[in-house]
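Participant: Sequence:
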Amino acid sequence: MTTQVLELHPGDEFVELYKVLKIQGWVGGGGEAKILIGEGHVLVNHEVETRKRRKLVVGDNVIFGEESLIIAASTRPATERVKPVKAPKPAKPKGRPSIKF
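Our numbering puts the first residue of the sequence shown at 1, with every later residue one more than the last.
Treat the hints loosely; a few may be bogus.
[Unchecked claim] Here are the computed distance ranges between Cβ atoms for each label pair: (1) D12 <-> E32: 20 to 26 Å; (2) F14 <-> P90: 38 to 44 Å; (3) R76 <-> G31: 30 to 36 Å; (4) R96 <-> I35: 44 to 50 Å; (5) P88 <-> E39: 45 to 51 Å.
[As the list claims (entries may be wrong)] Taking lysine-lysine pairs in the BS3-like style, the calculated list, with each CA pair at most 27 Å apart, reads: (6) K52 <-> K34; (7) K19 <-> K55; (8) K22 <-> K34; (9) K52 <-> K89; (10) K52 <-> K19; (11) K55 <-> K34; (12) K55 <-> K22; (13) K34 <-> K19.
Keep in mind that the hints were calculated from the coordinates and are not lab data.
Heads up, the beta-carbon is just placed ideally off N, CA and C, and yes, glycines get one too.
Turn these sequences into a full structure, and let the hints steer you where they fit.
Facilitator: Listed below in C-alpha cells is the structure:
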C-alpha cells in the first residue's frame with residue numbers, strides 16, 4: 001500500500017472527501033467518487049465512510065483500495081484566489097414610457 005500526503009494550506013480548514021478522490025486521480029470525476037463513497041469503498045481513519053462531503057481535517061487518513069492518504073498542514077501559503085470582475089449592468093430607464101397617438 002502506498003501512502004501519500006495532501007497538504008492543507010493556511011486558511012483552508014478542511015477538504016471534502018469526494019474532492020480528495022478527484023484531486024488524487026483515484027477516480028475519473030466527482031460523480032464516480034460519490035458513488036464509490038456511497039457504496040462503502042472508502043475508509044476514513046480506518047472506518048467505512050459513506051458521507052460524500054465528509055470534511056477531512058489535518059490528521060485524517062483516507063484509504064481507497066491499495067492507496068492511502070494522510071491530510072497534513074502546510075506552512076506554505078495557498079495561491080491567491082482572484083475573483084473575476086463583472087461588468088456593470090446598464091442602467092434601466094426610470095418611469096413609464098410615454099405613448100403618443
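Participant: Does each hint fit the structure? Answer for all of them.
Facilitator: Results of checking the hints against the structure:
Between D12 and E32 the CB atoms are about 24 Å apart, so this pair conforms to the stated range of 20 to 26 Å. For F14 and P90, the hinted distance range of 38 to 44 Å is satisfied, since their beta carbons lie about 41 Å from each other. Restraint check, R76 to G31: a C-beta distance of roughly 31 Å satisfies the suggested window 30 to 36 Å. For R96 and I35, the hinted distance range of 44 to 50 Å is not satisfied, since their beta carbons lie about 55 Å from each other.
At roughly 48 Å, the beta carbons of P88 and E39 sit within the given window of 45 to 51 Å. Annotation: proposed proximity of K52 to K34 holds, straight-line Cα distance about 6 Å (limit 27 Å). For the hint pairing K19 with K55, the CA-to-CA distance comes to about 10 Å; that is within 27 Å, so the pair holds. Taking the CA atoms of K22 and K34, the gap is near 10 Å; set against the 27 Å cutoff, the hint holds.
Proposed proximity of K52 and K89 is contradicted: the alpha carbons are some 38 Å apart, above 27 Å. Straight-line distance between C-alpha atoms of K52 and K19 comes to about 9 Å, which keeps the hinted pair within the 27 Å bound. Taking the CA atoms of K55 and K34, the gap is about 14 Å. The hint holds against a cut of 27 Å. Between the alpha carbons of K55 and K22 the distance comes to roughly 15 Å, so the proposed pair stays at or under 27 Å and holds.
A distance of roughly 9 Å separates the Cα atoms of K34 and K19; the hinted pair therefore holds under the 27 Å criterion.
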